[in-house]
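Visitor: Go ahead and model the full structure; you've got the sequences and the hints to work with.
The lines below spell out each chain.
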Amino acid sequence: MIAVTEFLQTLGPQMLQRTYEHVYLTFLSLIIATAIALPLGVYLTRTRWPALASGVLGLAGVIQTVPSLAMVAYAVTLLALLKTTGAPVPTIGSFPAIVALVLYGLLPILRNTYTGIRQVDPAIIEVARGMGMTARQILLRVELPLSLAIIMAGVRIATVWTIGVAALGGLIGAGGLGDLIMRGLRTVHVGYLLAGSVPASLLALLSDWVLGRVERWLTPPGLRIQPSAAEKGV
Amino acid sequence: MIAFEHVCKTYPGGVEAVRDLCMEVREGETLVLLGTSGSGKTTTMKMVNRLIDPTSGRILIDGSDVMEIDPIELRRKIGYAIQNIGLFPHMTVAENIAVVPRLLRWSRQQIDERVVQLLAMVDLEPDEFRDRYPAQLSGGQKQRVGVARALAADPPIVLMDEPFGALDPITREQLQNEFLELESEIQKTVIFVTHDVFEAVKMADRIALLDAGRLQQLSGPAELVESPADEFVEQFLGQHRFQLSLLTRTVRTIMPAAAAGPHPAGVPAVRVRARGSLVEALDLFKQTSQAELPVYAGRQFLGRLEKQRLLKEIAKSLGSTGARE
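Sequence order for the protein chains is W and X. Just so you know, we're using the working numbering here: the first sequence kicks off at 1095 and counts up by one. Just so you know, we're using the working numbering here: the second sequence kicks off at 2 and counts up by one.
None of these hints come from the bench; they were simulated from the model. Mixed in with the good hints there might be a few duds.
With a cut-off of at most 20 Å between alpha-carbon atoms, the simulated SDA-like pairs for lysine to any residue come out as follows [said to hold, decoys possible]:
no.: 1; chain 1: X; residue 1: Lys78; chain 2: W; residue 2: Ile1219
no.: 2; chain 1: X; residue 1: Lys78; chain 2: W; residue 2: Gln1231
no.: 3; chain 1: X; residue 1: Lys78; chain 2: X; residue 2: Arg103
no.: 4; chain 1: X; residue 1: Lys308; chain 2: X; residue 2: Leu294
no.: 5; chain 1: X; residue 1: Lys313; chain 2: X; residue 2: Ala223
no.: 6; chain 1: X; residue 1: Lys78; chain 2: W; residue 2: Ile1232
no.: 7; chain 1: X; residue 1: Lys189; chain 2: X; residue 2: Met122
no.: 8; chain 1: X; residue 1: Lys78; chain 2: W; residue 2: Leu1151
no.: 9; chain 1: X; residue 1: Lys317; chain 2: X; residue 2: Glu227
no.: 10; chain 1: X; residue 1: Lys78; chain 2: W; residue 2: Trp1255
Guide: Spelled out as structure tokens, the structure:
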């Protein structure tokens, strides 16, 4: 008990600071990833070329297979190359980390947006057309409400992954909880390792739980009801 | 009111769904498009609200070519109901009914009033059903909401694609009867798609029988059954012709021209509909075990029908259809 208090007294302020950085890195990356993947996913359901959709989804899948360590290294290298052409981009710190995290977060959101919208019953969409909805109204009033829960599930997966991968930011001076873990590794100090990894795990669990609630909350009430509960009779 | 002029539809890949269709749907009538799957009946219907565009030919609504009307505007003025799946699962009953009025930017109050009125019209207690979701409704209730939704903005034309197709026979019969009654009050031009010849005969003012994209016969139900235009139509009706002939002959056809018997005071609850079929009248005799019943066309008294005479007419009717086979 005394050990824990002492531990928190020495490392507590650092843990708070690093946790804040970690959250900042993850959430900024997720917002950017969503801002790219959501409209792109919607677009892919509408394109006249099905090959484009499978191509883009395939590419996003390939990005996902790159080991996270390599992804961070790629991001740094890529930005360094860009810098030699004179572009004003930082090669260390949070910027390359965010680039890597955005690339990582894209796939689950993109794939779930695409499949979420594609799974809406075509008959429902035809009725919406038949009633005189414009393409935009069909998207906003029918397709998105009916796929929101699936899209949110994608965001949730991306969040949990990103929180894990963001720990690698410690390698390139992006801050975050990875910084404490790296220090623990260099100094062979279990305290630092714990100070970095326990909050990261808790953060992942907490986000998963919160987003699970959001997902449920976003599910239209009409879809939460099981048809078996329907009243019988005419 | 709706005119098809040499309408053809060929799908990419070469399937000719509709071939050179010429016909007119009259104002206020219920025209049933009857045929097997692949006959082109649904394609024909969907060309009216431009869910499908014809390859050639023209469709005119009140004289204007639908291809020259903005499809969004056009569809909002045409009611549309399809087989069971049509309700939006994420919207309540009231929201489902309000879709088109909302698109037309009616006021909140106007919409609420209309929802209550429509639910009452299709026999669903507004306070009980307004806030339910489709998943909380039975098949019959869903279909009633579907009908109410199609009528929401009071469109002069209503398209119905097998609206009662997925229901059990008893519920289907009940909804058919209710829709007939409703239809006689609201006077819409209805295009009704079905593959069920009994449903067609029951619902139609006229039936357009389609096969492989061609119009085979366009006539009233009685004429279709009694004088099939060709061998195909005869085959299509097949062994059902006996039964159908009883369904298509209305009570009015066997009533004498002048009202006979004492005129009852007021309209009695138990009465035979002049527009009803002989079978319907027979059913009523069975239920009430009366020897004679009053016949009414709407509120107008036409006379009394004796059970004996009805039976004789039914026998005659069967004989005449049989004799021609």
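Visitor: Mind checking the alpha carbons of Lys78(X) and Ile1232(W) for me, to see if they're no more than 20 Å apart?
Guide: 18 Å, holds
Visitor: Is the hinted pair Lys308(X) and Leu294(X) satisfied, with a Cα-Cα distance of at most 20 Å?
Guide: 8 Å, holds
Visitor: Does the alpha-carbon distance linking Lys78(X) and Gln1231(W) stay inside the 20 Å limit?
Guide: 17 Å, holds
Visitor: Lys78(X) and Ile1219(W): Cα distance at most 20 Å?
Guide: Judged against 20 Å, a Cα distance of about 18 Å means the pair holds.
Visitor: Between the alpha carbons of Lys313(X) and Ala223(X), is the straight-line distance 20 Å or under?
Guide: 19 Å, holds
Visitor: Is it true that the CA of Lys78(X) sits at most 20 Å from the CA of Leu1151(W)?
Guide: 40 Å, violated
Visitor: Are Lys317(X) and Glu227(X) close enough, with their CA atoms no more than 20 Å apart?
Guide: 13 Å, holds
Visitor: Measure nothing beyond the straight line between the CA atoms of Lys78(X) and Arg103(X); if it is 20 Å or shorter, mark the hint as holding.
Guide: Satisfied, since the Cα-Cα distance of roughly 13 Å is no more than 20 Å.
Visitor: Checking one constraint from the list: CA of Lys78(X) to CA of Trp1255(W), max 20 Å. Satisfied?
Guide: 50 Å, violated
Visitor: Tell me if the straight-line CA distance from Lys189(X) to Met122(X) falls inside 20 Å.
Guide: 15 Å, holds
Going down the numbered hints, you'll see the structure goes against 8 and 10, while the others check out.
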